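These protein sequences, in sequence, are chains A and B.
Counting from 1, one number per residue, gives the positions in the first sequence under the UniProt record's numbering.
Counting from 1, one number per residue, gives the positions in the second sequence under the UniProt record's numbering.
Just so you know, these hints were derived from the structure itself, not from any lab.
If you're wondering where the values come from, they're calculated on a predicted model, not measured in any experiment.
Hints should not be assumed to be uniformly reliable.
Claimed, not checked - In silico lysine-lysine, DSBU-like type, Cα no more than 30 Å apart, as pairs:
1) A:Lys286 x A:Lys93
2) B:Lys298 x A:Lys286
3) A:Lys115 x B:Lys93
4) A:Lys190 x A:Lys15
5) A:Lys93 x B:Lys115
6) B:Lys15 x B:Lys298
7) A:Lys93 x B:Lys93
8) A:Lys298 x B:Lys286
9) A:Lys93 x A:Lys190
10) A:Lys298 x B:Lys298
11) B:Lys15 x B:Lys187
12) B:Lys286 x B:Lys190
13) A:Lys190 x A:Lys286
14) B:Lys298 x B:Lys187
15) A:Lys326 x A:Lys187
16) A:Lys93 x A:Lys187
17) A:Lys93 x A:Lys15
18) B:Lys187 x B:Lys93
2 protein chains.
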Amino acid sequence: MHIAVVGAAGMIGRKLVARLVSDGSLGGHPLTRLSLVDVAEPERPQAFAGRVDSSAVDISQAGNATALIAARPDVIFHLAAIVSGEAELDFEKGYGINLEGTRSLFEAIRLAHLKDGYRPCVVFTSSIAVFGAPFPDVIPDDFNLTPLTSYGTQKAVGELLLADYTRRGFLDGIGIRLPTICVRPGKPNKAASGFFSGIVREPLAGQVAILPVADTVRHWHASPRSAVGFLIHAASIDLQLLGSRRSLTMPGVSVTVGEQIEALRRVAGERAVALIRREPDELVMKIVQGWPQAFEPKRASELGFVADRSFDDIIRVHIEDEMGGKL
Amino acid sequence: MHIAVVGAAGMIGRKLVARLVSDGSLGGHPLTRLSLVDVAEPERPQAFAGRVDSSAVDISQAGNATALIAARPDVIFHLAAIVSGEAELDFEKGYGINLEGTRSLFEAIRLAHLKDGYRPCVVFTSSIAVFGAPFPDVIPDDFNLTPLTSYGTQKAVGELLLADYTRRGFLDGIGIRLPTICVRPGKPNKAASGFFSGIVREPLAGQVAILPVADTVRHWHASPRSAVGFLIHAASIDLQLLGSRRSLTMPGVSVTVGEQIEALRRVAGERAVALIRREPDELVMKIVQGWPQAFEPKRASELGFVADRSFDDIIRVHIEDEMGGKL
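In isolation and in its complexed conformation, chain A is listed as follows:
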């Protein structure tokens, strides 16, 4: 099986490639070839005996998606995206990559389909940002698309295109709406959502973390490991089961910041918790107010998508996958 990963140099992309190589197969089909693309050249996995093509390309530029599709990958994971904060700051860049890039990829697939009937499985990473307040406390699968950011708008457009290109028979698509990924590894960043990971990651590393919101703020989380599991599962199931509604809200863990902190106490003790410094930030509080708190992802659960069992587990995943299992 030939698998392409668009956005392979990102955090989820790298973990996905590592998992694919470690599994050696997908949905029972042996993995023989990888095509990895991103705006920066993705690393080649060491432990893989098959063919790897890795290249630094922007798929929103003419011809690049066509070149990727020329090799007719069986499965395409489309993870490439300008993240929420940057898409909000740089309107043109966000629309360029998140909307034009996605259209460009789907168009390259359609033109290949018209040529020789090519019809790959496409796993599109969407986001809970396709939803915007006002919300019910628990958001159902059929909540309407009401994004309140340019990023969410671009992801919602991607979902609509994915469904139409699938309905037309050009590709076999599934969109998965990822929860906020927590604990995000790496350095603190300035994303408004950064503190959700920061209040766990920094204390675990013996550093101070700033908490800008109240302990009562509730949000929807999944570990990077779960996110990769969703992607793999999406490419392994019979997509006909989705019917015409091709995008699914993924399961996650709904916890308050207070519950996150209690989980940190249970897993890493009082000393870690003591490193959280409360510095209320009106702006962040206002932004976070418009975010979803919990979902009831019935369809995804029925289709076998499985999230972390608890926020304690989310913390343990971080310790295992990012800290070599040691505190």
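Assemble the complex: chain A is given as a structure, and chain B must be docked to it using the hints.
Then chain B, alone, in the frame of chain A:
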């Protein structure tokens, strides 16, 4: 006030221009200038003393939208679209006009905004085709976007872009989801929905009409006159009242085909009804099964949008506006 109508040569476009000229103002502002564009050159209204620019342009082609926006119209009615049936038959043409055309128009407005703060009112004609089965019997305002045609997909994308460009402050947008327009004047066409108008229009003109579905089929209708009324009203109200959800399902008349026929009997007598010939068509029946039957357009009603009162009225509008008031 300078008003631009994109798609001014179409059925609704022509009626809108006639109504604007007849009113002589919009929302209390005297009409001083009209910019009319369509792929075929729109007719110039005779009775208008102000400036009229009329041109045959395809706004999806580079530069054309920019040229239209260079004159800084205060209000832009964006009606240009490849209709449902054609967008389904010609994928590239549908996406070209309905998606690229809309983006191109919004982008021209954004670039003008960045230059001098220009921020026009944009009335975008969407459609109930943004919704797809399975439906509840009566569809609420917040039903999710689930189009089952390329046309519906393109309109849903337009709605999402409209909301984001509005949120960013580039324009002040409102999307109105038109019901099926009935009675559509002119010749019978091959659209699957054509019979809804045909079974009224043809008998009123003394001609035979084919009815391909059962009398129990229910659908959502508005007269061309009501559609024009929605457009005018949309450009006249305070759009801040919409909040972030910028597209509204318009009110309409929910009737079964049987009720349409009873209305025809009341308005035009037995002789008209006798011209309807029942010729069941499995394909049309199957298509129509996936269509919405009724909506509860609370938001639009609260904002003062008013539909025809009954299907009898819809027939009378056709007789008045298309037949000089005479049977």
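Given the hint that A:Lys190 pairs with A:Lys286, does the C-alpha gap stay at or below 30 Å? Within the cut-off at roughly 15 Å; holds.
Sort out whether A:Lys15 lies within 30 Å of A:Lys190, counting only the CA atoms. 23 Å, holds
Does A:Lys15 lie within 30 Å of A:Lys93 when you go C-alpha to C-alpha? 25 Å, holds
Quickly compare the C-alpha distance for A:Lys93 and A:Lys190 to 30 Å and report which way the hint goes. 18 Å, holds
Does A:Lys298 pair with B:Lys286 here, judged by a C-alpha cut-off of 30 Å? 29 Å, holds
Between A:Lys286 and A:Lys93, is the straight-line Cα distance small enough, at 30 Å or below? 25 Å, holds
30 Å Cα cutoff - pair B:Lys15, B:Lys187: Holds, at about 17 Å.
Please verify whether A:Lys93 and B:Lys115 have alpha carbons no more than 30 Å apart. 19 Å, holds
Taking only the CA atoms, is the gap from B:Lys298 to A:Lys286 under or equal to 30 Å? Cα-Cα ~29 Å, so holds.
Is the hinted pair B:Lys298 and B:Lys187 satisfied, with a Cα-Cα distance of at most 30 Å? 34 Å, violated
Mind checking the alpha carbons of A:Lys326 and A:Lys187 for me, to see if they're no more than 30 Å apart? 19 Å, holds
Take a quick look at whether B:Lys15 and B:Lys298 sit within 30 Å of each other, Cα to Cα. 26 Å, holds
The earlier numbered hint that this structure contradicts is number 14, and it is the only one.
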